[in-house]
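Student: Turn these sequences into a full structure, and let the hints steer you where they fit.
Chain by chain, the residues run as shown.
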Amino acid sequence: MARRIIRIIASKHCDDPVINYKDITYLGKFLTPQGQILSRRRSGFCTQCQRQLKKAIKQARHVALLPFVG
Amino acid sequence: MAQIYEAMFLLDNQVVREDWGKAKAIVTKTLEKHGGTILTARRWDERKLAYMIEGNRRATFLLVHHEIPGDAIPAMQRDFNLNETVLRYLSLAVDVVPEEEQALSEAENAEDFTIPTPPPDDAPDEEEPREDVDEDSLRGRSRGSAGERSANSKEPDKEPDEEPAAGAEAPATSDTASPESSGTTTGTESAAAGTETATEPANAGSDTATEPANESSGTEPVGAVDETKDGDGADGSKEL
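Protein chains in written order, with our numbering: chain Y, 1 to 70; chain X, 71 to 310.
No lab work stands behind these hints, which were simulated from the structure alone. We put the CB at the ideal spot given by N, CA and C, even for glycine. Heads up, some of the hints might be wrong.
Derived contacts from chain Y toward chain X, CB cut-off under 10 Å, selection only [claimed, not checked]:
| id | residue |
| --- | --- |
| 1 | Y21 |
| 2 | G44 |
| 3 | Q59 |
| 4 | H62 |
| 5 | V63 |
| 6 | L65 |
| 7 | L66 |
| 8 | P67 |
Tutor: Written out as structure tokens, the structure reads:
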């Protein structure tokens, strides 16, 4: 059986949980090349941080800092 | 009680090229008209947009911290929606104004501070953060794909190795060596079969019956393939 390789990008992010929509370099790490938000399983965020990430990415998309579709 | 808001405004570059002060005043005056108080206002950046907004590929970003009463917000939003200079805006409630923003705003208000003119719409963006992201993701993808490829390539190699009892030599051979050996054996077998069928069509059935035995032995050394080459045709059939 082939194992699925899952790269966890953020671990122990909860020490500094402020995610800003202007920091697009950081937010871009949690997007697929197509512009989709990574799942919690792949991003490694806890529930609260993943919600913050989702909100920040959607705010950045609204002001055209990040694309809706890659 | 007024709430502090951090608002980001996307301004049309045509207006910014004419006069930055005028473009900035459009936003600040609208906020003040609705009872708002400007705490900080500065040019955040000028960059290429991730997607076109009202036919613009680039825009100037104005970051404003202001206080405004809650009942004035709908009228303010209507004004900004009707304003053609403001392409888009995002207003978020914050607790305090960061000290860095105050310092940067004061620096921009200085007389000797000059703002570069925005480049034309077709100009590429100087900093491209998406490239780094793509590289990371591509690395991950290439690793995954390489792993899958190696896993897929191993599976057909293992099948002929498992059939004979040469299990000790199979792990010793590297992944790159095993497909080469299997490829050479199949190539020689097909060539041998082709010659045999051309010369002796009656013996083709018996030769094909010997081929699986050659396959099993051919994966281990290359010399085994040479033996089949030497003994193809009449010798191989005579032995059996």
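Student: Work down the list of hints and note, for each, if the structure agrees.
Tutor: Here's how the hints hold up against the structure:
| no. | hint | verdict |
| --- | --- | --- |
| 1 | Y21 | holds, 8 Å |
| 2 | G44 | violated, 14 Å |
| 3 | Q59 | holds, 6 Å |
| 4 | H62 | holds, 6 Å |
| 5 | V63 | holds, 5 Å |
| 6 | L65 | holds, 6 Å |
| 7 | L66 | holds, 6 Å |
| 8 | P67 | holds, 4 Å |
The structure is inconsistent with hint 2 alone, although it conforms to all the rest.
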